[in-house]
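As you go down the protein sequences, you meet chains A and B in turn.
Position 372 of the first sequence, counting from 1, maps to 372 under our numbering, and the rest follow consecutively.
Position 378 of the second sequence, counting from 1, maps to 378 under our numbering, and the rest follow consecutively.
By construction, these hints were calculated from the structure, which means they are not laboratory data.
A few of these clues could be false.
[Claimed, not checked] If you anchor each label on the Cβ, the simulated ranges turn out as follows:
1. B:Arg435 <-> A:Pro395: 55 to 61 angstroms
2. B:Ala209 <-> A:Asp357: 28 to 34 angstroms
3. A:Asn282 <-> B:Pro351: 56 to 62 angstroms
4. B:Lys244 <-> A:Glu766: 52 to 58 angstroms
5. A:Lys752 <-> B:Thr264: 53 to 59 angstroms
[Stated by the list, open to error] Using 16 angstroms as the maximum straight-line C-alpha spacing, the simulated EDC-like pairs for lysine to aspartate or glutamate come out as follows:
6. A:Lys417 <-> B:Glu34
7. B:Lys85 <-> A:Asp389
8. A:Lys379 <-> B:Asp131
9. B:Lys85 <-> B:Asp378
10. B:Lys382 <-> A:Glu406
11. A:Lys548 <-> B:Asp50
12. A:Lys548 <-> A:Asp506
13. A:Lys554 <-> B:Asp131
14. A:Lys468 <-> A:Asp389
15. A:Lys153 <-> A:Asp357
16. B:Lys398 <-> B:Glu478
17. B:Lys49 <-> A:Glu463
18. A:Lys318 <-> A:Asp650
19. B:Lys85 <-> A:Glu406
20. B:Lys244 <-> A:Asp650
21. B:Lys85 <-> A:Glu463
22. B:Lys85 <-> A:Asp203
23. B:Lys403 <-> B:Asp448
24. A:Lys47 <-> A:Asp320
All residues carry an ideal CB built from backbone N, CA and C; glycine is no exception.
What follows is the residue order along each chain.
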Amino acid sequence: MMSTRSFGLKHYRLLIALACVAVTTPVVAGVPPTVPALENDHPLSSKQVGDLLISELRCAACHGEHTDLGFSAPPAPSLNEVRSRVSIDFLRRYIADPGATDPGTTMPNVLDHLPESQRDSVAADLADYLQSLGTAQFKVGNVDSAEVARGKKLFHRVGCVACHNPRDKDESLVKLKGSVSLSHVEQKYGLQSLADFLFRPHDVRPGGRMPDMRLSRREATQIASYLIGKSKSASPAHQPDPVRVARGKTAFAEHGCAACHALPSQQPKSEPKPAPRWSAANSSRGCLDPKSKTTPRYRLSKEQTDAIRATIGAGPTKLDDRSKLNLTLAAFNCTACHTRAGFSGPTPERNPHFTTDEPNLGDHGRIPPTLDLAGAKFKTLWLQKVLFDAEVVRPYMHTRMPQFGEANTGHLPALFKRTDRLDPVDIPEPSREERRTLRDAGNRLLGDKGLNCVTCHNFNGLESPGFKGMDLMTTFERLEPAWFDRFMRSPGAMRPGIVMPTYWPDGKAVRTDVLDANTEQQIRALWYTFSLGRSAGTPSGMRHVGTKLVVTDKARVYRGRSRIAGYRGIAVGLPGGVNYAFNAETGALSGLWAGEFVSVNWNGQAAGNFNPAARAVSLPQDVSFYRLTDVKAAWPLRPVMTKEQPVNPDPLYPRNRGYRFLGYQLEDGVPTFRYHSDDLRIADRSTVLTAGDRRVLQRTLRFSTPKAQTVWFRALTGSFESNGSAHRLGKLTLTLPQSSLIDQTTVRPFEKAKELLVKLRLPAGESSLEIQYALEP
Amino acid sequence: MPLNRESAFALLIVLSLASSLLGEDVGERWGTAEREREYYRIVSVPMPKDAVIEAGAFEVLPDRRLAIGTRRGDVYYVSGIDQEKPNPVYHRFATGLDEIFGLAYRDGALYVTQSCELSRIQDTDGDDQADRFDTVSDAWGYANYHEYAFGSKFDKQGNLYVALGLSASYHSRALFRGWALQITPEGKTIPIASGLRSPGGIGHNEHGAVFYIESQGPWNSSCSLKAVSPGSFMGHPASLNWYKYAPNMGSAPLQPESGTRIVTEKLRVKQLVPYAVVFPYIRMGRSITGFTVDRTGGRFGPFENQIFLGDYTQSIVMRATTEQVNGVWQGACYPFREGFSTGILNVQFTPEGNLITGGTNRGWPVRGIKPYALERIDWTGKMPFEIKRITIEPKGFKIMFTKPVARSRAKAEHFKVTTFTHIYHGGYGGPEVDRTTPKTVSLRFADDGLTAWIDLDQITVGHVHEFDLGELRSRDDEPLLHRHAYYTVNALPRADR
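In isolation and in its complexed conformation, chain B is listed as follows (with noise of 0.2 angstroms):
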């Protein structure tokens, strides 16, 4: 159902005004938090009787302390994240920032993206202390308090990243607000993309290409992550108007219609970027945040090269794989861990391979019951049965698991797959539609019983391909801890791949 101009604008108004009042109730729980602790506990981790922690950023610090970054604008390094029952050391690096969301080492500074610039931090006295503060990247409008900065790690070339939320979420009145920015090591800053929304992160996925976290809203019905390259539009118009400050990018894109598909769109404004991964509204999330790689060598359990993220308003973690195909980036979701104690705004491995998670349930509906927490995601040992990870195949789907399947008993009906996509529109999330049952074919295994390639009688590329794996059973017997995951297919490999 297109909507005409006035009455999307008059939609967006409705929405953002129900939007911005409290008192939703934040979706269904998986029910799985129980089960999970037998195989990743959570460990509360204390902070400081007079400290307001609201972690938005982290760092692991060449001496092994982790930095974290608050939205009230502190830096702590901390000693000990790792001790088996933590009581760590804080130590206040830096104070009096603006709304940290970005943290990044590098020879001997910090560089912090805050709300009003990226800035490279140093202690030049060796007293610990923060006493430099340059300014790296200022290059962008700020001129209203919803304007979030979101910054990422360096890259190989030492490159920088930063993603800018929209004015009040909805409008782009100061430069660049919805765009993407690269700074090079030389710190000139370079506009690479545009038609971001609200971004809460971004970062290198598992192949070391940058993402970034778009959050539910206008143009984006779900969550997702998208693969982010220079020239790309990430889909909300709103941004489109700063291309003449932008003469690298050429012409803008033509404006996307509403009420489309965005698998029939990109084939229209053709610097179009499809959702790498959409995140299903409430199922997965809500408002998901900042995202790492897991490169602990296993130390973190089977997720190895895979992306961990949270949730904010679920107060769960994720995980996320990501392949490209045919020059297109697209992968699946998966649940990983609920139950935590506040909106989670970012994640981090620690030295010793665990995985801190931090946040604020401050100006949100969170469904997490503390104001700010750091909690840290341990591996008992215990291996789950899990989906380890989706790929896709010329006709179907190869299916990775932590533990042996039990073949004997599997069969292709218990691979049940549904689709669905959502309407590419102006209006505020929307709903699932398209929907269709593809039928799983034919079903083959590995003698190892780790791994499974389906064939489905029909792939929709541009819809989510949403999996129900109850029904199997590993070789010990158990369920999957989640019989759910969420692949995006934005493209289809050739039979010849």
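Just chain A, same shape as in the assembly (with noise of 0.2 angstroms):
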């Protein structure tokens, strides 16, 4: 197999030979390399520029290690599944002449030096042989447009305009300076192909250059919709042709591609590279060198020229942390989204494209945070967080906190920590006496009753009534006592321009009520009560909201604690505004009221129960069916604890009354609860009849049972007013059906008021009651 070295081999002579070319040279025309953070303002010396070029263009593939900048080359892309990735063919236009084809690319052309009769030739080989390593068919796609116009607004407001141009309301391209150009990304990709690539970019690019944007496969498809435009038609599959195969195989190892791009059918590049070391390098020559013709192409401009060649004379250097520090925010263009002493920052072109949820938060609540004293002010496991597991604490900021990879920015947390001090604040941990005063008075300082943090910050998830600023509870976590203190007593010198107010003025308290107006104490008060995490409690001034459950067009089964149906409760919302509830300890239908359905409480521990979410009717919680011994019988009442009797008498009441809960089944979200009364099987359903503006709940009880039986039913308890079959209370009025089971009806006093009892005749096998409860408005 030919490898590397016989390029370099073959035409390390000429090289040689040509080096006499002269040392100031033209610059070849066209989009040099883009390295975005360097066409913006930057603290990088000329040299350090250098170093980062040699960097960021893989110099180091074929002329080994220079400067160590403290974190890796950018790998080039994967080309293990160009195939499906790519179209064939702008994979051979870019092969051919990859800066004409991607300005800005950081891939040099290697064929720069066939004839040009050859080069188109040999780029399809090359491409055939790509293509042949993949399984997968490129596919164009179809692309959905109502996903563009979402695929546009996601564009300009996630951040890919921090690094990409923007386009306008015309969709013209609006040129800014520091941009990687997209102008070939409608060529090059699929739908699909694109959407992987913005899900997951590091697959492919693993240098973390194009980060990971924390795109959803949907959003990803969003974007990629918008950026491929209109669908186009379908190319038909292509098959690479086994002449071409071979033919590429061979070029591929013939002109270097495998110093950059690792194959696994292809030598290892760690091969020995014919090109010379650092040391050995003649800055005039070979890549540097426009006219070279033996070497790889880069259209490199002046600058950058001049900056590689500063670098190489020089030699290379020992970086110290903050060097290492620039270069690194550099790389990854981190800068273009965060300030840094040195750095331009957002620029006032790209500053509009940063938006937020809350204006009112100011620059803050739309900038991502300077990164000065960044190191003194976050906690290493914060950083590490941040960078490496997504983690955010500005919901409201629509741009998005990239993630570049571990493995190429696993050294920043720990570089920002020796980079960035403070002198240390101690704020001593309180003393098992002191707890209590600091926790209640940190808590006081934050709630509406204090300073009232809670009116602009949100707390544990809890929505601030005022502006939705960042969690409180995560402060702790975040920051570092040092930064924290200065904070407190100055946010504005800490965050200039922040909207957030001095607490402290001149470092006195504005609260003088708390802690003897002490500036140290108040802000260690509030140090401790966030170190305590969600165990500080909810300061006072946040709203606890119920949560109101809504029935819509589906009927709606809720089950939880309630006064109106027991601790085995179910609450039962019907489309048309009427609403029950279910005692499913004892099978009562316990409660029904019309309107909204109901409001469950989700906060502290005794969460989950429920109240009807208007004012409810309230029948029997008791069993509801019994064989009474005679009509003079007592109906057997549930078990009541008190604060004096608190331990149930008689835990099995329901089970010893013949009562057993089956269970449920839903049609079209209705329920039919299902239960035993000794060997009668009751299949209990209630749907929703309307009578003008009365509101009907139509219970239907069905029966089986092995054999003929009496059973008694308790329809009501109360001071309920009867006229014939129909029984009204309060706002409730029940009626009975004309029925042949209904063997008897029985009105009689029961503790202050009344019961009724209806006696049910029942045959053997199946039969069925129709009950109504009409509800008044």
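Join the two chains, each given in its own frame, into one complex according to the hints.
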């Protein structure tokens, strides 16, 4: 197999022969390779720029390592699945002349030395060879125009335009310096392959310079739809030509592609490279000589050439931490979104694209925080979480913190910590005796009876009643005490322009009624309270809201504790605005109400209980079917626990009265409750009838019994009035049907009022009874 | 210091008030999170914006979806939980249930343990929405919000187990509060153990025996894993009033005496089962929760066949191992990973062998700063240097490591062991007492450096043996990722074992 070695051997003499090319050389026309941060203001010296270019252009792949920047040069994109990712037409053109096809690309032209007549053919060979490595076919895909519009919004909102050119309302490109061109994208990708790339860019480009924007699959598809634009006609599936594949494989080795692109079928790139080591390199020749016909062809600008020459001339140097940090921030273009001393930060042209849901928070609500003193501000663990685990604390900010990959920026937290220092501030841990005082003071300060921090800050997922600023719960996890202390005393000094006011102007507490107006103690109280995390309790002024469950066009079932249905309560909301409660412990329809369904408490330990969202009519919660020995016999009542007698004296009450709950089934959301009363099986289903402005619940009881039997049904208790088969209790009118099953209806005294008992004579087998519960408005 | 009944009761009241207040420091951190991430990454699993998923229970379905039961009573089926960059699809299978702390799948149905009952729920019309809810068991009382119910997975015979917390966490006012129940495949409910306090999960240990999680409080000075077998009394006497409803259990145990030691009291109260694995309070969690066993075949790293469990308060995940000695269960617990975002209520291995954690920080003090979260632990493939497992020997312990120890540098005195026990009493929590510091009198290594045997000059039955191996180094000169482990000795093996 041909190797990279042969490329070198074959051309090395030529290289030497051409070495006499003038030192001052014209620059190759076209867009030079783009390293976006270098096009904006930055604090890097010319030599450091050279070092960064050597890294980003992957010079080390042939020439060996130069200066240790503290991070790795980006590996070249993976070519394994290029077949399904990239259109064949694009691939050929790109290989033939990368810079012309994708302006600003860091990939050099390696075919430039060939006679023009051969280039396209060799490029086609290479393209077919690369195609032969993949299995899945390239697909154009159908772009959904609705997704295009969503994609446009996302593209301009989540941070893509920090490094890429935005487009205006008319879709015209707004060319900004420091932009990586996307002009090639629509020719290069299919919808799916671009969406896949955007969803997980590091699979193809492990170097992380194109970061993972934490897009969901759907969002990735939307942005891909936008970038691809209108659907194109599908090109016929391309089958690689075996002859070209064989030639392409040879060419891949011959032209040194394997130096940057690792392919399993190629020799490893650790093979000795023929290119000169840095110490032997002549900075006016080879890649830096635009007329060289023997080396990869970069379209370097004059500034870039000069910078690399300066670096080579000076030789590798040992960089201090601050330089390494600056180089890292430049390599990953962190400063497109973050300010840091010496860098321009978000440029005026890009600034309007940083947006927010909380405009009241000012620029700090829409522009990512400064990185000045970031190492002194954040705890290491938090830096790791933000950089590598996609942790975010500003949900209102539309621009997302990208993920560059731990493999690429794993060094950054420690580097920040070593570089940025503040004089330490000791916030002493409270003694056991002080804890409660400080905690209470901290809680007071946070709430609306103190400094009212919660009017602008969320707290433990609860929304602030005012601005929805950063959740205060994150404070202790994120911040170093020295930074926190300074920030508390002077928010504007640590975060210029922040809307947060000073609560201790000139070190004097504005809140004089807490901790004797002692500034140190107040700040300490807040820090201690934050250190308690969730256990710090919710400050006064936060809204605790019950959650209303809403019934739309489908019935809803909700199980939970409730006064109206007992501990084993079930609320049923039916479309049409009729709701009822069922006590599953005893088998009683225990309440009804019209209008909204239920509100559920979701706070604290004792959550999950429900209350009817409107005034309800309560019905008895004892077992509702029973075999009375005679019409005089008392109805068996459920045990009642009191403060004095909290233990259930009759824990088997329902079971010993024959009741057993079997469950329920849903049809279109409407439940049918199933239960036993001894050997009687009951299916209990209610639906809505409307009659004028009265809302009527029609309850159907289906009985199934192996033998004919008599059973009593207790329908109502309370101060109701009876009129024939209709019985009225408040706004409820219960109407019993004319049914042969009803043997007897009895109204008799019960406690201080009455109870309505219905004696049913049920035949063996199946029978049913319909009862109407009408609710007046 | 034995307390008389009245003063014990007064103490209970005071402590119960104190513990109901928020505002506690949840304890020291291990301080190992920065190093842990090299070996085990915590991957945040995105959730739908409009859903509140306070996971209380997990199960893996035959179609490899992850079922999540929530405190808010929803059941979600989640596809794509194992994607390297998770972007899962959530499907709400059921809703409107009451606080789910148990999910088990069998024969096309999901068995859901809710506060009110154990239900079998299924989709009968093929639209992937639960439409049939059968009550499998509701044979327990439920009359206080704090009466949570925790459900297990199925055992080999098809039984499920339900652990029932006390009323208001101190009393047993409704039937079988503070009991564990067995529900047979035929749907019969059999009470099998009393004396539970505030369980946090029930399931099977790595050997298939039924265990439950107990929380620190009265009669439990630390959280613990306890073995449940028919007839057991787990130590908290509030629930002894229901024996007449459980004739299969025989007569009620003697009332335990407050202020004693469990090792002596179990000689008197014959049904009393000692804590199998004590989790020293604060150092190893403050309210440990649902557990599972690593059956991933090594895909999760070196801890196959070990118990993994979370802690609610401290937002951490720990390991535990158990063994049976002379018919009594005992074992050890080990730190594993800290730095989770919320209070962990349950854990579950995914089809790909990652560990899902979930929970909420609602209601009790929690270190994690998110109201609820789903986080996945992925092994990075890099081998941590850890204490893998500790088992007991007649005169000492066998200690296994995940990587070879630098034997030449290891000395007997590097195996530091101290011991303590707790007062067995009705007060809330309690100090570590009766401390001893045994001497490591001999040290022997296996040739591969992965196993060490130590003999101590004394082993104290009834004590937690706390290991600090911080001076050991691996052959690559690494210190242990976690230097501590805690072995609870309930019995000593005979020398001829």
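Here is how each hint holds up against the structure:
{"no.": "1", "hint": "B:Arg435 <-> A:Pro395: 55 to 61 angstroms", "result": "49 angstroms, violated"}
{"no.": "2", "hint": "B:Ala209 <-> A:Asp357: 28 to 34 angstroms", "result": "52 angstroms, violated"}
{"no.": "3", "hint": "A:Asn282 <-> B:Pro351: 56 to 62 angstroms", "result": "58 angstroms, holds"}
{"no.": "4", "hint": "B:Lys244 <-> A:Glu766: 52 to 58 angstroms", "result": "39 angstroms, violated"}
{"no.": "5", "hint": "A:Lys752 <-> B:Thr264: 53 to 59 angstroms", "result": "57 angstroms, holds"}
{"no.": "6", "hint": "A:Lys417 <-> B:Glu34", "result": "14 angstroms, holds"}
{"no.": "7", "hint": "B:Lys85 <-> A:Asp389", "result": "10 angstroms, holds"}
{"no.": "8", "hint": "A:Lys379 <-> B:Asp131", "result": "49 angstroms, violated"}
{"no.": "9", "hint": "B:Lys85 <-> B:Asp378", "result": "11 angstroms, holds"}
{"no.": "10", "hint": "B:Lys382 <-> A:Glu406", "result": "15 angstroms, holds"}
{"no.": "11", "hint": "A:Lys548 <-> B:Asp50", "result": "14 angstroms, holds"}
{"no.": "12", "hint": "A:Lys548 <-> A:Asp506", "result": "47 angstroms, violated"}
{"no.": "13", "hint": "A:Lys554 <-> B:Asp131", "result": "13 angstroms, holds"}
{"no.": "14", "hint": "A:Lys468 <-> A:Asp389", "result": "24 angstroms, violated"}
{"no.": "15", "hint": "A:Lys153 <-> A:Asp357", "result": "14 angstroms, holds"}
{"no.": "16", "hint": "B:Lys398 <-> B:Glu478", "result": "21 angstroms, violated"}
{"no.": "17", "hint": "B:Lys49 <-> A:Glu463", "result": "15 angstroms, holds"}
{"no.": "18", "hint": "A:Lys318 <-> A:Asp650", "result": "83 angstroms, violated"}
{"no.": "19", "hint": "B:Lys85 <-> A:Glu406", "result": "14 angstroms, holds"}
{"no.": "20", "hint": "B:Lys244 <-> A:Asp650", "result": "12 angstroms, holds"}
{"no.": "21", "hint": "B:Lys85 <-> A:Glu463", "result": "29 angstroms, violated"}
{"no.": "22", "hint": "B:Lys85 <-> A:Asp203", "result": "11 angstroms, holds"}
{"no.": "23", "hint": "B:Lys403 <-> B:Asp448", "result": "9 angstroms, holds"}
{"no.": "24", "hint": "A:Lys47 <-> A:Asp320", "result": "14 angstroms, holds"}
Checked against the numbered hints given earlier, the structure breaks hints 1, 2, 4, 8, 12, 14, 16, 18, 21 and satisfies all the rest.
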